[in-house]
Amino acid sequence: MTPDLIYGLTGIAVFAIGLTGALCAQDRLRRVLALKLCSLGAGFLLVVAAWREPPAAPDPVPHALVITGIVVMISATAVALALIRRLQSLEAEDDD
Amino acid sequence: MTDPFLILDLLLAGAVIALAVATLTVRDLFAAIVLFIVLGLLSALAWVRLSAPDVALAEAAIGTGVTGALLLKTLHHLRYVAGTLGEQTAHGVTPVTPVPMSVIWANAAFCGLITLGLAIAFLDAPLGGPGFDALVADAIPASGVDHGVTAVLLNFRSYDTLMEVVVLLAAVIAVWQIERGLSEAPSPDLSVIWQGFARLTLPAIVVVGTYLLWKGSEAPGGAFQGGAVLAAVGILLLLSRLYVPRPAHRALARWGFVLGTGVFAGVALLVTGGGRVTFEYPPEHAKTLILLIEGLVTVSIAVTLAALFHGREPVAVRAKEARHDA
Amino acid sequence: MMLDLIAASLVVFGTVFFIAGTVGLLRFPDIYCRLHALTKADGLGLALVALGMTLKAESFGEVFRIVLIWFFVALASATCGHLIAAYARQADREGKA
Amino acid sequence: MTTFFGIIVVTLLVSILTGLIRVHRGPRPADRMMAAQLVGSAAVAILLILSRAMDMPALLDVAVVFALLAAVAVVGFVVLASRKVS
Amino acid sequence: MTIDAMTLTLFLPLFGAMAAFVFPRVATGIGLVTVVATCGAVWLLALEVLKAGAVVTPLGGWEAPLGIALRADGLSLAMLAMTSGVGLLVSLGALDALRDLRQRQYFWPLWLLLLTGMNGVYLGTDIFNLYVMIEVIALAAVGLTVLSGTKEALRAGLEYMYASILGALLFLMGVGFVYLHLGRLDFAGLLEAEPSGALSAALALMLVGLLLKTALFPLHFWLPAAHANATAPASALLSGLVVKAALYIFLRLTTYVPLPDEILVALIGALGAGAVLWGGVQALRAERLKLLVAWSTVVQIGLIFIAFARAGQVGLTESWKAAALLILAHGVAKAAMFLAAGRIKDEVGHDIIRDLDRAEVRPTLAQFTFALAAISIIGLPPSLGFIGKWSLMEGAMAAGYWHWVAITMIGTLLSVAYFSRVFAGFLRFDRVRGPVGEHQGWALADVAPLTLAIASISLGLMAAPILSFIELGYALGVTP
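Protein sequence lines, in the order shown, are assigned to chains A, B, C, D and E. Per the working numbering, the very first residue in the first sequence carries number 1; after that it's consecutive. Per the working numbering, the very first residue in the second sequence carries number 1; after that it's consecutive. Per the working numbering, the very first residue in the third sequence carries number 1; after that it's consecutive. Per the working numbering, the very first residue in the fourth sequence carries number 1; after that it's consecutive. Per the working numbering, the very first residue in the fifth sequence carries number 1; after that it's consecutive.
Note that these hints are calculated values from the structure, not bench results. Watch out, some of these pointers could steer you wrong.
What the hints assert, rightly or not - Over the 12 Å line for every Cβ pair with chain B, so calculated as not near, a few chain E residues:
1) Thr28
2) Val33
3) Val208
4) Trp390
5) Val447
6) Thr451
7) Ile454
8) Met462
To be verified - Covered stretches of chain D (chain C as the covering partner; in silico rule of three or more C-beta atoms under 8 Å from a C-beta of chain C):
9) 15-28
10) 38-50
11) 55-66
12) 69-76
No experiment lies behind these values; they were computed from the predicted model shown. Using N, Cα and C, we set each Cβ at its ideal position, and we do this for glycine too.
Kindly generate the complete structure, drawing on both the sequences and the hints.
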């Protein structure tokens with residue numbers, strides 16, 4: 001049992017939970033959360049792939065990829081959330 | 001006796017999975033967001049255990065900090081608009097038709113199958129297997145920086161990083177396009193204590209952000225983490241309404257958004273010539289150029305993330321349009 | 001060796017405070033009591049752990065950063081305790097009104 | 001010493017996980033937020049100890065960021081939650 | 001400072017986008033100049049490829065796998081040329097179609113960022129870089145989808161956003177598995193790789209993600225609403241160009257890493273057949289013109305996937321040319337069709353098919369354009385669509401796969417049926433009409449779609465040179 005094994009399986013589980021949520025969730029905000037879980041799972045997988053048995057240093061390339069992925073994901077989240085807010089405002093206007 | 005760190009890893013892994021399930025199943029949305037933030041913190045801890053402090057920093061600052069603030073703000077907006085902003089609020093915010101349990105179970109079974117397949121493929125793969133380790137070790141002396149992740153982000157794969165900043169730019173343009181108007185919400189009533197807090201912390205946060213940026217060339221840190229920490233200052237200013245965006249500030253903000261991308265792309269083009277291709281920094285100036293790019297990209301990231309949090313182009317709109325935008 | 005022992009006991013005491021805070025958070029009946037438990041755990045627990053770790057630090061830079069961390073957490077926890085209490089009281093009043 | 005640190009860290013983590021029950025149960029938003037704050041502080045403590053146990057001084061920077069963000073999150077919560085409903 | 005054509009193709013639209021965003025008052029001018037300049041850069045690059053076969057630039061001087069290389073060959077150039085050519089004409093069409101100042105301000109930066117992303121995809125050779133590029137495309141495309149700001153557009157845009165993010169994340173997970181197994185991320189590494197379980201999982205994740213992004217049945221759920229509710233130039237870009245980026249990556253990946261099993265190839269073909277039938281039926285039932293055109297995109301994508309599967313042969317070595325031709329044909333014709341549909345809606349005031357013949361205004365030229373584009377989409381000679389469909393069926397017949405021939409024929413008949421609903425609205429003269437409106441006749445706005453429609457037909461006459469061009473540089477051959 002090494003950390004990479006434990007966390008690798010964790011990452012896959014988190015990805016799958018996020019996938020289930022993205023397919024099943026109805027609430028708009030909850031779907032965004034589910035997608036964030038997917039991206040977290042992918043991050044786990046890449047970090048695990050970079051891990052080397054200490055004292056060897058890990059491979060920096062996947063770390064850089066995960067950082068890129070995190071930044072890309074917050075951009076996408078921000079756009080999705082802006083859409084949700086605007087949509088809610090428009091729908092509320094209709095109800096009046 | 002078993003290694004306590006093994007127990008730590010197992011506990012963390014179990015907690016991460018349990019939190020992921022709880023985030024999607026807990027009925028109250030606010031609780032879901034808080035659980036998600038905690039999940040982000042625990043993932044950062046897990047990544048620390050996997051010797052990835054850079055990623056842990058980025059996840060804590062961007063994936064958890066700024067994202068958490070964004071989610072909380074959106075939830076607040078939705079409940080405000082729906083008129084259910086109270087202590088015991090509605091659980092969801094969008095009108096939904098309930099999904100039959102059978103569909104949920106079918107989906108879950110389907111995803112379970114996928115998990116199984118992925119887990120088998122994962123166990124099948126050579127762990128600690130091939131990678132870029134040797135290539136990076138060979139190339140680092142010529143990269144201009146001493147820290148692997150920074151060398152990858154700003155030299156070996158700087159094209160990816162440029163495009164990543166472009167994604168941020170696209171996001172802020174799209175968000176400005178979607179939402180507009182001035183914030184109509186009243187100033188929050190924050191007491192003297194908060195002002196003392198702000199006076200002490202805001203400069204300290206700026207210092208920490210700059211320190212992270214500067215440190216990136218030899219140790220974990222860098223433009224994205226530093227930028228996110230600086231963005232926290234912007235978020236605090238926006239929240240406490242110490243700074244209120246006005247239509248007149250738009251031009252400056254636009255320059256702020258494109259500054260990093262522009263300089264990054266500009267330098268990439270300017271270094272060409274004399275047998276060098278795009279992005280090929282001359283070795284003797286590599287460190288200077290990388291620091292220049294990082295510094296300006298940090299500024300852009302901070303401004304952009306704060307603008308994404310604010311989430312609207314500050315223009316004066318007609319009263320009817322503005323009513324529900326608050 | 002002596003230093004190690006002192007550091008270890010400080011860390012243990014800090015951990016005890018964290019556990020106490022958690023128990024308080026779970027068992028205390030209302031929000032103000034829980035807040036009380038929380039701020040104690042935060043402030044003292046982290047202070048003790050940080051103090052223990054400064055004894056084990058290897059360079060001045062590390063000591064400085066640990067002190068900075070403690071300062072931040074203490075400041076933030078005090079401010080947030082105040083803000084949360086004010087928020088809860090305001091919400092209570094509105095609830096009664 | 002490393003084993004000792006390991007046991008301490010596990011204890012702190014268990015305390016965090018117990019505290020999460022309060023996040024899940026609520027009932028008020030402020031309760032959840034307080035519990036989250038406790039998680040943040042305990043995570044900072046864990047990082048302080050891990051930085052020695054794993055011999056990675058860089059973790060102190062991660063701890064600084066954790067400490068900052070806990071503050072930002074709570075301030076954000078209070079500000080957003082206390083804006084009046086009109 | 002000496003900049004090669006390949007870098008220019010990427011950086012010109014990027015700088016244009018930034019300039020158009022910073023100077024919103026002159027965004028239109030900046031945008032037009034940039035698109036024209038990008039066309040020029042693509043032309044220069046095409047000359048280089050004609051001379052050298054394939055052009056490779058290792059960015060930063062770091063060779064792959066550590067660095068990222070850009071590579072242009074015949075196929076990527078064909079895609080680049082289609083993108084910038086169609087993009088130029090849609091930009092001209094946008095001059096008239098976007099009347100709202102705010103829409104104009106935001107259309108240009110978003111469209112130029114979209115162009116950057118698509119050019120990056122066609123030049124990319126690194127799968128993680130492709131992930132970042134499809135995210136650039138996704139965000140810009142969502143921004144364009146909701147440009148009109150209506151509730152329907154926002155709802156469709158949100159669905160599109162969810163589908164896009166999920167598709168991209170599946171792709172990212174696949175990238176993770178590729179790294180786990182191979183330790184590298186460039187195409188050359190994929191080509192050399194030994195097949196294994198982890199690699200198959202990686203490929204499956206990436207391909208499903210791409211199918212979601214390219215909207216193959218049954219993952220097409222987001223497409224019709226998103227494409228039907230956007231403003232006309234945005235619809236033309238989304239339907240004509242954006243879905244092609246994911247298709248292109250699909251084509252590359254399946255060539256470098258052959259699908260491990262014939263059954264999977266057949267499955268993709270079956271999904272394509274499903275798209276042709278289901279999309280055709282939905283197009284028959286559509287009430288609005290733009291919705292019908294959007295459903296026809298679903299049909300056409302299904303057809304392209306049948307072309308992938310047509311040879312029924314693992315590795316798809318034979319079928320990619322038909323697929324490439326269909327991609328090019330659809331890109332040009334669909335852009336023309338959406339622009340024309342937008343013109344019709346603009347002049348008539350609505351786009352309800354049933355009431356088209358009752359309109360008081362007769363946008364004759366737009367209707368003519370629509371009909372011309374329909375010729376290519378249905379696949380009548382001598383259009384490019386016909387050549388694509390013909391080479392698809394020819395190969396299928398030669399290999400004895402009669403079921404694909406039958407599906408293609410049924411799809412063609414269905415498309416004749418649903419387009420005749422529209423033509424009936426255009427051509428019926430028996431009802432009493434009001435006086436002819438003012439917009440009728442030769443308006444500048446009709447020039448762009450008409451040019452595109454004419455191109456979609458006349459390109460069919462140039463099929464032979466196009467075919468030999470896309471083979472340049474071993475586009476999908478042994479040495480990437």
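Hints, one by one, checked against the model:
Non-interface call for E/Thr28 relative to chain B: holds, since the shortest CB-CB distance, roughly 16 Å, exceeds 12 Å. The claim that E/Val33 lies off the interface holds: its Cβ sits roughly 17 Å from the closest Cβ of chain B, which is beyond the 12 Å cut-off. The claim that E/Val208 lies off the interface is violated: its Cβ sits roughly 9 Å from the closest Cβ of chain B, which falls inside the 12 Å cut-off. Taking the minimum C-beta to C-beta distance to chain B, about 39 Å, the non-interface status of E/Trp390 holds against the 12 Å cut.
A cut-off of 12 Å between C-beta atoms confirms that E/Val447 is not in contact with chain B; the least separation is 28 Å. Annotated as non-interface, E/Thr451 keeps its C-beta farther than 12 Å from every C-beta of chain B; the closest such distance is 29 Å. With a least beta-carbon separation of about 33 Å from chain B, E/Ile454 lies farther than 12 Å from that chain, consistent with its non-interface assignment. For E/Met462, the shortest C-beta to C-beta distance to chain B comes to about 33 Å, beyond the 12 Å cut-off, and the non-interface label holds.
For the region 15-28 of chain D, the proposed coverage by chain C is satisfied: 7 residues have a C-beta within less than 8 Å of a C-beta in that chain, meeting the threshold of three. With 7 residues having a Cβ less than 8 Å from any Cβ of chain C, the region 38-50 of chain D passes the three-residue criterion, so the hint holds. As drawn, the region 55-66 of chain D meets chain C at 5 residues by the rule of a beta-carbon pair under 8 Å; at three or more, the given contact holds. Check result for the region 69-76 of chain D against chain C: holds, 4 residues qualifying (beta carbon to beta carbon below 8 Å, three or more required).
Hint compliance for this structure: hint 3 alone is broken.
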